[in-house]
Amino acid sequence: MRTVIGALLLSSLVFAQQDIRTQTLANGMKVIVQEDHGIPNVAMYFFYRIGSRNEHPGATGVSHFFEHMMFNGAKKYGPKEFDRHMEMNGGNNNAYTTQNDTVYTDWFPSAALEMMFDMEADRIRDLSFDPKMIESERGVVYSERRTSVDNNNFGVLNELAVAAAFVAHPYHWPVVGWPSDIESWSMEDLKSHWSMGYAPNNCTLVIVGDVRWDNVLELSKKYLEPIPRREPPPPVRTKEPEQLGERRVTVSKTAQLPIQMVLYHVPATNSPDTPVLEVISTLLSFGQSSRLYKRLVDGQLAISAGGGVGDSLDPTLFRFTIQPRSGVDTASTEKALFEELARLGTEPVSDAELRKAKNQLLANFYRQLKTIEGRANLLGSYEVFHGDYAKLYSADKETEAVTAADIQRVARQYFSPKNRTVATLVPEKPEVKQ
Amino acid sequence: MKRLAFALALALPLTAQVKLPPYTREVLPNGVVTYYMQRTGLPLVSFRVLVKGGVESDHPMVAGISSVTAELLRRGTAQHTAEQFNEELDGLGGTFGAGAGDDSTSISAEFLKKDFDRGLALVAEAVLHPSFPEDEIHKAVARRVDGVKSAKDNPGAAINPFYRSFFFGAAHPYGHPADEASYDRIRKEDLVDYHEQMYVGHNLIVIVAGDFDPVAAKARVAATFGAARAGNAYAWAAEQPVFDKGPRVLLVDKPDATQTYFIIAQPGVRRTTPDRVPLNLLNTLFGGRFTSMLNDELRVNSGLTYGAGSSVQMSRLTGAIFISTYTKTETTAKAIDLALDVLKRFHDKGITAEQLASAKAYVKGTLPPRTIQTADQIANVLGEMELYGLGRDEVDQFFARVDAVTLEQANAAVRRYYGTDNLTFVLLGNAAKIRDVAAKYGPKVMERPARTPGWTAM
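Going down the list, the sequences are from chains A and B. Heads up: the first sequence runs through residues 10 to 443, numbered per my numbering. Heads up: the second sequence runs through residues 53 to 510, numbered per my numbering.
The set of hints was computed from the structure by calculation and includes no laboratory data. Don't be surprised by glycine CBs; every beta carbon is placed ideally from N, CA and C. One or more hints might be untrue.
[As the list claims (entries may be wrong)] Dumping the calculated DSBU-like pairs for lysine-lysine here, alpha-carbon to alpha-carbon at most 35 Å:
#, chain 1, residue 1, chain 2, residue 2
1, B, K492, A, K438
2, A, K303, B, K396
3, B, K166, A, K427
4, A, K303, A, K230
5, B, K240, B, K191
6, A, K406, B, K166
7, A, K400, B, K166
8, A, K406, B, K165
9, B, K396, A, K85
10, A, K438, B, K165
11, B, K386, A, K84
[Said to hold, decoys possible] Partial pick of chain B residues on the chain A-facing surface, computed with a CB cut under 7 Å:
#, residue
12, A192
13, G199
14, A203
15, N284
16, Y286
17, D308
18, Q311
19, Y358
20, T370
21, A413
22, Y414
23, T418
24, P421
25, R422
26, T423
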């Protein structure tokens, strides 16, 4: 009880004082703005509720490919123009695609605000699909896959572990797409993806930084509101059937050290169990006093160990990743993990340890609010995954409410042998060359 | 539409010069240089401690000692076992990180404002009074040896130490990255000696940034860091020659790789070079942003890679200017040739006034979010200023210095720094398939496997 991080901190200091304003445009696009004049820059984030869960076999990875194509020219700003204008005006950008959403992230000096509205509206409304750009971008995405998956042992193992854990739901396939799909995406795949998800009513715009609310509203009405509303993507109907027993995946690959991943099915982010799972993740993995660090890393079984759960619209996975030390049998690392998970279910966490985990969670939450980009991302993620950015205000209270009994209940419910997938990368020696 | 395009071509009005917020600098009697920068808004305080020396100060036989020392600061101190330290740190929701760069070891920690005293006490104790227990040393070293092996399983991580070793050579302070053997040789007496010599008043910089009471803070810093033994400042290494008799090639064999990772390097500059602003602009155009020449050719126009870029190493001693990227095994020659073609064009033709204007807007516009937005960013800037003997004008006059760069100066710098002859090539990939390709780029190709111990070309 010694160091309670006051629940009032988040809401009162960071959000309430610096007003958040919102408006839903006539076409359904929601705009969320927080003025912050600390630096003369702006973070402008577009969250589209479309990701790899909205894809189908044969065109896996197309959401991510589409994200790349959004930089390859529209009607008014042709190929390369988006980046060229942005960078010559002191801005830069990125974008990311997940299983659930596609997010475009722009950072720029406030003087470029109107130009950004113009360019973003142009590509949302009138993206062009140049066959030459499609071919070149296909090579880029394939290279991205080679880097993050094929030539990265963690990437390879993760992809196959997730594919084993989900047999029916679209989370089965990787966000980047299967290689054969990367090779065969067509212009039609891109066009149908666009018409399925890039509707203003399927998008939330978050702007944090050196802007004026009135000005943002005026620019939103001028540039974004005229874009017609369309049907959002159809609901994802397939539900993952309950797992009926442990699944095992083995990858044999040239390596010096093994890797192990252990995955458990857990509910979507909007579940009341999410704050409990976050506390569990912190107890297990955050800091050198965490249980897995002490047991596995300090215990000389592994060079790294940890686990957690990401934002998700549908039921997802709690993923643990362990890199065992050389010479350590992977049976002993997984046994240590299973024992720690079982202990969560059988022994109540002490008040002091629970307090520590909550303090860590709250302090970390807080650290995300230091920058305009951190706040833009958090506001948008809450809007997408919790259904309302305003749930941020109660995030600290939800963490605070987690009890030792909640932890035991949730650990017993999800961390069962039947509910897990264990994937192991087994090192193979390279063939001896002559 | 024309009018708009015209207005955009001129670029939008630029924001005014950004400046560092007020701060104070004081030297304590034992030589510790302290900085205080107050910023309210979030009730957090950052501590940043720099120990001069860093990788440069690693003896080659025990390369990595600066990093291992940093890692062990919190793993047992005069007052706390590792476990007690971690429980207290994590219980406060604090963070503590320590690691070594080329020129200094940095320790960064962050606490809530109300935990100022306890946070500072933890940081000072770790920095000044680590006890280096034998079992903690043994564990840290053993994990690091495995960490090197793990890095060699990952070409994206392994290419860099192979390149550093080959480019600088074992005699250069940057040319002996820690490896399996050097970690394994580190003993308790090495760590104790290193700490005693380096973690002393005259060799420390302590920065406090964020929300705190300045009077109380100064008293606490004086009572903790002010009590450190004065000692002597680290004697910096003399300038070392950098290879300039190219071309030469190292091929690192990873038989299962489906992609070739490569670096093309040449001699660069010191951190304090008077050309640092023009070089910032030139690197932006050559390989430092998405529309840069390298990324435009190798990614956007040809789809050969997910990303191609360049860097200008900014360390105390003369470092390197280098291109780095990757491509699938089959297009290795095509990608290297294209990178060289971009380099040659850059060298021969230089840049245009329009490109220079774009680079100027870019470096100015992207400065505030990563330099002066948060207290810990500012602490970072203050630390660099002190370490390299730079003034606050490094930020406060940055825009003016950028604006002052002329096209002639920029193009003179292109010709001076972006040569096409003395190149060092490091390729990591499936040697059986790219051995012939590698041979195109130099009279002799050194070759070694990725997985065997060490980073040297052998």
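Hint by hint, here is what the structure shows:
no.: 1; hint: B:K492 / A:K438; verdict: 30 Å, holds
no.: 2; hint: A:K303 / B:K396; verdict: 53 Å, violated
no.: 3; hint: B:K166 / A:K427; verdict: 46 Å, violated
no.: 4; hint: A:K303 / A:K230; verdict: 55 Å, violated
no.: 5; hint: B:K240 / B:K191; verdict: 12 Å, holds
no.: 6; hint: A:K406 / B:K166; verdict: 20 Å, holds
no.: 7; hint: A:K400 / B:K166; verdict: 27 Å, holds
no.: 8; hint: A:K406 / B:K165; verdict: 21 Å, holds
no.: 9; hint: B:K396 / A:K85; verdict: 33 Å, holds
no.: 10; hint: A:K438 / B:K165; verdict: 52 Å, violated
no.: 11; hint: B:K386 / A:K84; verdict: 32 Å, holds
no.: 12; hint: A192; verdict: 10 Å, violated
no.: 13; hint: G199; verdict: 6 Å, holds
no.: 14; hint: A203; verdict: 9 Å, violated
no.: 15; hint: N284; verdict: 32 Å, violated
no.: 16; hint: Y286; verdict: 28 Å, violated
no.: 17; hint: D308; verdict: 4 Å, holds
no.: 18; hint: Q311; verdict: 5 Å, holds
no.: 19; hint: Y358; verdict: 4 Å, holds
no.: 20; hint: T370; verdict: 29 Å, violated
no.: 21; hint: A413; verdict: 4 Å, holds
no.: 22; hint: Y414; verdict: 5 Å, holds
no.: 23; hint: T418; verdict: 6 Å, holds
no.: 24; hint: P421; verdict: 5 Å, holds
no.: 25; hint: R422; verdict: 9 Å, violated
no.: 26; hint: T423; verdict: 9 Å, violated
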